[in-house]
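Colleague: In case you want the letters, here they are:
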Amino acid sequence: MEILNLLNEKLPELQEFVEFRYCRTLKEKNVLEGIDVAFVEGSVSTQKELDRIREVREKSKRVVAIGGCGINGWPSIQRNSFEAEKLVEFSELISRYSQLPKILTIPEAIKTDRLIQGCPIRRQEFESVLLDYAREFGAKK
Amino acid sequence: MNFLRAFLALHDFEFSIDEVTKIEGHAGLEVRVQNNEVIEAKLKVSEGKRFFQEAAIGKNYLELPNLFARICGTCSVAHFSSAAEAIERAFDVTPSEQTIALRKLLIAGTILRDHGMHLYYFSLPDVFGKESILDFEGKLQKWVHDSMHVREAGVRLSEAVGGRSIHPFTATVGGFTAIPKMEELKACKAELLSVRETALELCEAFYEPLEKFGRKANNVALKTGDFSFIEGKIIDSHGDIVEEEDYARYLDEFVIPYSTAEEFEFEKAPYAVGALSRVNLNAHELHPDTRRDCAKFLSRFPSNNPFHNNLGQAIEIVQCIDLASELIDSYEGKPEVHPRIEPIESRGIGVIEAPRGLLYYSLFLDSNGKCAKAQIVIPTAQNAMQIESDIKAYLPDYLDLPREKIELQLEKIVRAYDPCMSCATHFLKVKWL
Chain A
5 MEILNLLNEK LPELQEFVEF RYCRTLKEKN VLEGIDVAFV EGSVSTQKEL DRIREVREKS
65 KRVVAIGGCG INGWPSIQRN SFEAEKLVEF SELISRYSQL PKILTIPEAI KTDRLIQGCP
125 IRRQEFESVL LDYAREFGAK K
Chain B
63 MNFLRAFLAL HDFEFSIDEV TKIEGHAGLE VRVQNNEVIE AKLKVSEGKR FFQEAAIGKN
123 YLELPNLFAR ICGTCSVAHF SSAAEAIERA FDVTPSEQTI ALRKLLIAGT ILRDHGMHLY
183 YFSLPDVFGK ESILDFEGKL QKWVHDSMHV REAGVRLSEA VGGRSIHPFT ATVGGFTAIP
243 KMEELKACKA ELLSVRETAL ELCEAFYEPL EKFGRKANNV ALKTGDFSFI EGKIIDSHGD
303 IVEEEDYARY LDEFVIPYST AEEFEFEKAP YAVGALSRVN LNAHELHPDT RRDCAKFLSR
363 FPSNNPFHNN LGQAIEIVQC IDLASELIDS YEGKPEVHPR IEPIESRGIG VIEAPRGLLY
423 YSLFLDSNGK CAKAQIVIPT AQNAMQIESD IKAYLPDYLD LPREKIELQL EKIVRAYDPC
483 MSCATHFLKV KWL
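These protein sequence lines map, in sequence, to chains A and B.
All residue numbers for the first sequence refer to our numbering, where the first residue is 5 and numbers rise by one.
All residue numbers for the second sequence refer to our numbering, where the first residue is 63 and numbers rise by one.
Keep in mind that a hint or two might mislead.
Claimed, not checked - Reference excerpt, derived from the structure (chain B facing chain A, CB under 10 Å, subset only):
| no. | residue |
| --- | --- |
| 1 | T83 |
| 2 | G87 |
| 3 | F113 |
| 4 | I133 |
| 5 | R226 |
| 6 | E305 |
| 7 | E307 |
| 8 | R311 |
To be verified - Here's a subset of chain A near chain B, in silico, CB distances under 8 Å, partners left out:
| no. | residue |
| --- | --- |
| 9 | N12 |
| 10 | F21 |
| 11 | S80 |
| 12 | R83 |
| 13 | P124 |
Source of the hints: derived by calculation from the structure; they are not laboratory data.
Quantities reported herein were computed from a predicted structural model and do not represent experimental measurements.
Yeah, the Cβ is synthetic: ideal placement off N, Cα and C, and Gly gets one too.
Make a model of the complete structure from these sequences and hints.
Modeller: Written out as structure tokens, the structure is:
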């Protein structure tokens, strides 16, 4: 949401040096190939999500985990601290949703290059990380 | 990218769209057609369950609204407000008039931001036949700038009242811990008014519906008296009314069974919530300035075309600008008086109009103020059955089109409802992808 808020201010400016390759919220045709920098959010709850985040790692030169869900696992990670009896009570749900034995944060699931903390994140910090990488990849002086 | 799998020949086939694009969160769709009849249409959630209702148990009432706000970044203010209202009703706490006015301002900010996202980013590309707003060039660039200004006016209002754009931290059960400065709100009003003309142009863009399609649907919405999204009675197209004291019975006997049922299990017809339902039922309660300047657009209502949800949302942006301006004019900036809160064993029900429709919170609290049980019914869970029923009526006209086009048409009608799958993750009973 804070990224969309950043777009409120700076979309045309960003479009000069950023190509949005994969962003289902904004586009119909998305390509998970040849990614310089992936910004990923959300915790990892299922094997499918684990495979997906590994794929993102494999196909991206840099991976930045963003937000409270991605970095600290909240709120999904509350499940890890459920008492044993609560877990037994929800075991059927946990298996129906094919959840992992333990909810993982993104840094637990894959190697990350940078983290942008916060719920919500601060758009200024996101912008400064984006500009750092734009310079690193020669898209911006 | 969407993967389309087709079996057999056209008119007798099944396919699934794994990921509907340009909606909030991740959803799939499964459709089965036999002899030109759509025999099954299922909206599916493709996000993981996060056990919110379960995790709430044992937590103190003061923590709950902020915890529930994390259900969804987009409509966090709606979750916060409905949960806070439920707790206040459980403990018989009446917030001050100023508190209610500030909450209305928070919601108004959310509507600008959230409807703004849906209309500009998700739906306008369909109007102009583009894949994405990122592809808007030349003359269309105007809409990119408009989207920024409208959404930004909402963000500023949320920041002034809530302390930041989402997950407000000044709001709490019973009142606000900090209130906005008068000059901040005046600046917000100026910014809101500066995008009013832009919002009217957005109405014009959605005046003609994306598709001509009609069906009879029962609209359900909150009637607040001032079209302010909080507090009031629940009404529907048949003229049935649910007063505040009957919320619990209505929720237990109707809303919860309905929102968790499969279509064939539920004998009553589906119903729709959201901007279209609100404008269909409550257009006469819109701000007089909104009614005056949206007279042409309002002539489309009541409407049976779900694609008019877009126009309804655009009108609501104008409404929120006018309502917020008026609330700011009468704001006095008095210190908040926090009502004394004494926990008792009780159940409270919060009902508000979230951007996408009615949002229910039913919280059972104990005498220590801890949560014993939480039930949440989100708008998309109520609309799911209506969306599926609409697809059955809508799709037969498009069966001669190539598969990709059918898929596009399907995405359009799902998108018209502006479903929020981040929320639906927890509360929609669906087939799993």
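Colleague: Are the hints correct? Go through all of them and say.
Modeller: Structure-based check of each hint:
For B:T83, the interface hint holds, since its Cβ comes within 10 Å of a Cβ in chain A; the closest pair sits about 5 Å apart. Taken as an interface hint, B:G87 checks out: its beta carbon lies about 9 Å from the nearest beta carbon of chain A, inside 10 Å. Taken as an interface hint, B:F113 checks out: its beta carbon lies about 5 Å from the nearest beta carbon of chain A, inside 10 Å. Look at B:I133: its Cβ gets to within about 8 Å of chain A, closer than 10 Å, so that hint holds up.
Satisfaction of the interface hint for B:R226 is found here, the shortest Cβ-Cβ separation to chain A being roughly 7 Å, below the 10 Å cut-off. The criterion of a C-beta within 10 Å of any C-beta in chain A is not met by B:E305, whose closest approach is roughly 34 Å, and the hint is violated. The interface hint given for B:E307 is violated, since its Cβ lies 33 Å from the closest Cβ of chain A, which is over the 10 Å cut-off. Using the Cβ-Cβ criterion of 10 Å, the hint placing B:R311 at the interface with chain A is not satisfied: the shortest such distance is roughly 28 Å.
The interface hint given for A:N12 is met, as the beta carbon of that residue sits about 4 Å from the closest beta carbon of chain B, less than 8 Å. Nearest Cβ of chain B to the Cβ of A:F21: about 14 Å, over the 8 Å cut. The hint is violated. Interface hint at A:S80: satisfied, since its Cβ lies 5 Å from the closest Cβ of chain B, which is below the 8 Å cut-off. Look at A:R83: its Cβ gets to within about 5 Å of chain B, closer than 8 Å, so that hint holds up.
The restraint placing A:P124 at the interface with chain B holds, with a minimum CB-CB distance near 5 Å, inside the 8 Å limit.
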